[in-house]
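K.L.:
If you want the building blocks of each chain, they are given just below.
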Amino acid sequence: MGASRADSAIAVPAELFSEYLATTGLATQLALTMERRDARRLSLEQLLDLSLEAEHLFTMTPFTEQLEDRLIAVLDALDYEAVVRVRAAWARWDTVELIPAPRQTGALEAVRMGWSRVCSPTALQTPAAAVSIELELVNQRSLPPHEQEALGRRWEQLPHGERLEVAPSSLQSVIDRLADTIASGESSSALGRYAVFARYALGATYNRVMRPREPFEFVELVAPTGERAGELRSAFSEFGPVLGMHDAEAAVDLAVRGYVLEQRLLSSTKLWNSADTGEAIAANETGGSMRSVSGPTADAPVGNPAVAAQQLTGAPAAPGRVTGIVRRAGDLAADNTAATALGLGTAPADGAFSAPSLRGTVLACDRFGPVLLDRLPEVVAVVERDGSRIGFGALQARTARLPCVSGVSDLELLNDGTVVSVDGDLGLVTVEHGRSDV
Amino acid sequence: MREHDLKVSVKRLMATQLYGVLATQSDSGAPHTSIVAFVSADDLNSIVFVTPRNTRKCKYIIARPEVAFFVDDRRERVEELMQVVGVEARGRGMLLDADEYPLYRELYLAKYPEMTEFVDAAGSAMVRIAVSHYDVVDHFQHVVLLQTDSSPELSDDPQSPPAPRSSGALCED
Chain G
1 MGASRADSAI AVPAELFSEY LATTGLATQL ALTMERRDAR RLSLEQLLDL
51 SLEAEHLFTM TPFTEQLEDR LIAVLDALDY EAVVRVRAAW ARWDTVELIP
101 APRQTGALEA VRMGWSRVCS PTALQTPAAA VSIELELVNQ RSLPPHEQEA
151 LGRRWEQLPH GERLEVAPSS LQSVIDRLAD TIASGESSSA LGRYAVFARY
201 ALGATYNRVM RPREPFEFVE LVAPTGERAG ELRSAFSEFG PVLGMHDAEA
251 AVDLAVRGYV LEQRLLSSTK LWNSADTGEA IAANETGGSM RSVSGPTADA
301 PVGNPAVAAQ QLTGAPAAPG RVTGIVRRAG DLAADNTAAT ALGLGTAPAD
351 GAFSAPSLRG TVLACDRFGP VLLDRLPEVV AVVERDGSRI GFGALQARTA
401 RLPCVSGVSD LELLNDGTVV SVDGDLGLVT VEHGRSDV
Chain Z
1 MREHDLKVSV KRLMATQLYG VLATQSDSGA PHTSIVAFVS ADDLNSIVFV
51 TPRNTRKCKY IIARPEVAFF VDDRRERVEE LMQVVGVEAR GRGMLLDADE
101 YPLYRELYLA KYPEMTEFVD AAGSAMVRIA VSHYDVVDHF QHVVLLQTDS
151 SPELSDDPQS PPAPRSSGAL CED
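Going down the list, the protein sequences come from chains G and Z. FYI, in the numbering used here the residues of the first sequence are 1 to 438. FYI, in the numbering used here the residues of the second sequence are 1 to 173.
These are calculated hints, taken from the structure and not from any lab test. It is possible that part of the hints are untrue.
[As the list claims (entries may be wrong)] With a straight-line cut-off of 25 Å between C-alpha atoms, the simulated DMTMM-like cross-links for lysine to aspartate or glutamate are: (1) Z:11 with G:35; (2) Z:7 with G:378; (3) Z:11 with G:38; (4) Z:7 with G:65.
Please read all numbers here as calculations on a predicted model, not as lab measurements.
Use the sequences and the hints to build the structure in full.
P.N.:
What follows is the structure in structure tokens.
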């Protein structure tokens, strides 16, 4: 080994990060993105969704020439192949991530990637004041053995203490856990979590490699809606080996498999007999913002009459614009009482429903789930309070070519029978006053 | 969003802002906007401002009482766009009569003590907007409607106070 670590590690001055944010306009873009939603109130999949969007802003925001020159001056002080060491200090734990930086341009990208970790899922669930990220440029040859092994691997701390490795190679372990979840009969919520992890890991990798114009292009690989999926997959596979990723295609296959497993399990009648259902019903009886539909008449006006929605915002989860009549439902992911409340009939022992038409309706729910999978062709759009752009509902809507807006705040203010227009491109749900002719 | 939280948010905005934009219309429907120093009643049912009687806004309100009134806390920095709250109040404007005048004069001067001379001038009129509802905008595009106690939609509610008067009578000097 050559120079000592002290000699071979050069700190990237923190003021360069501030300069990068200020001179490129990235600070403004980040503020607009992050403040659109309250990160403290986001579900796990919404957290992953927001992180993908925010980190992508770094990918798409190049350095100014002046800043690039200053960074290159720092890089030139290193004689050997560089690695960017990202030291992140969080409220609960610290991490060290090592990003390969094979050439000068690669090193510049690695610096940007390192800085983007201020928007990682771990950072987003940490109070801003407790987030600290320091970058060092390090000679790869000087890395101690344990860091050599960790080179190129990235971990994220998820709620409830779970850790997620974000790399194509780690997708296999995520999917293995998914398969174990199914085999062990664990709760469907755990299954959904692993499937979402797999999509997030794929998205983070895809965005790094492909640098797409918009951060959720990779969803097309998992829930294809046209021929574009083939092109994207082919391009992703080609780029993989160039960047030292030999398993890009396998990563896509695993994420797709996760989605298929999620869909298959959630669709199965097993759900109705699982312990999950009992838990969901119990939860349904004790609270939840959309629970008012569980009352005796689903058509009765709900919510506070003094406050009403005019235009609600969320994440644009599946493209398209359409107008329809709101039909509310509870958490359909694991709740057949919601089907009853929705007027779909009860769920008898044999699982067969006697269901009225949902034709032309905009389905408003906490989270889209299996109860209405077969009825999806009847609805014209899906709006979710808790979903995300990488969630099950969004993927289902995309596959069915329906507009979908997820993560809609104040969705409980939308009453049954209200005519709304749904804009899945902008993420808007707008009440159409005076219209009842849909 | 709960009604209470929304009311707190609107009250805070109305209390902290000095100026709002009044939208009126002429007999022929031509729109007209003007900036006014206002005060909002604590129950959010009323917005009050003072204007010379010979202004367009005063004449327009007498002719066509339906008005809109906009208040916001806009910032100079684009990155704070998501923090901006804007409120449009819709209702009917009316010039205050002698009975109502003392109460609202006191309310107004509590916020603008330096305007005593203007308020008490012979040519000035105090206008009250009886607000039926507010459209509250935040996070750039998120819009929620808040109805007041004097909203026509709630007028059948026995718990609600009577609907606001829609008189266009000039106040007594």
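K.L.:
Work down the list of hints and note, for each, if the structure agrees.
P.N.:
Tested hints:
Restraint check for residue 11 of chain Z and residue 35 of chain G: the C-alpha separation of about 22 Å stays at or below 25 Å, so the hint holds. The hinted pair formed by residue 7 of chain Z and residue 378 of chain G fails the criterion: a straight-line CA distance of about 39 Å is larger than 25 Å. Annotation: proposed proximity of residue 11 of chain Z to residue 38 of chain G holds, straight-line Cα distance about 22 Å (limit 25 Å). For the hint pairing residue 7 of chain Z with residue 65 of chain G, the CA-to-CA distance comes to about 49 Å; that exceeds 25 Å, so the pair is violated.
In summary, the structure is inconsistent with hints 2 and 4 from the numbered list given earlier, while agreeing with the others.
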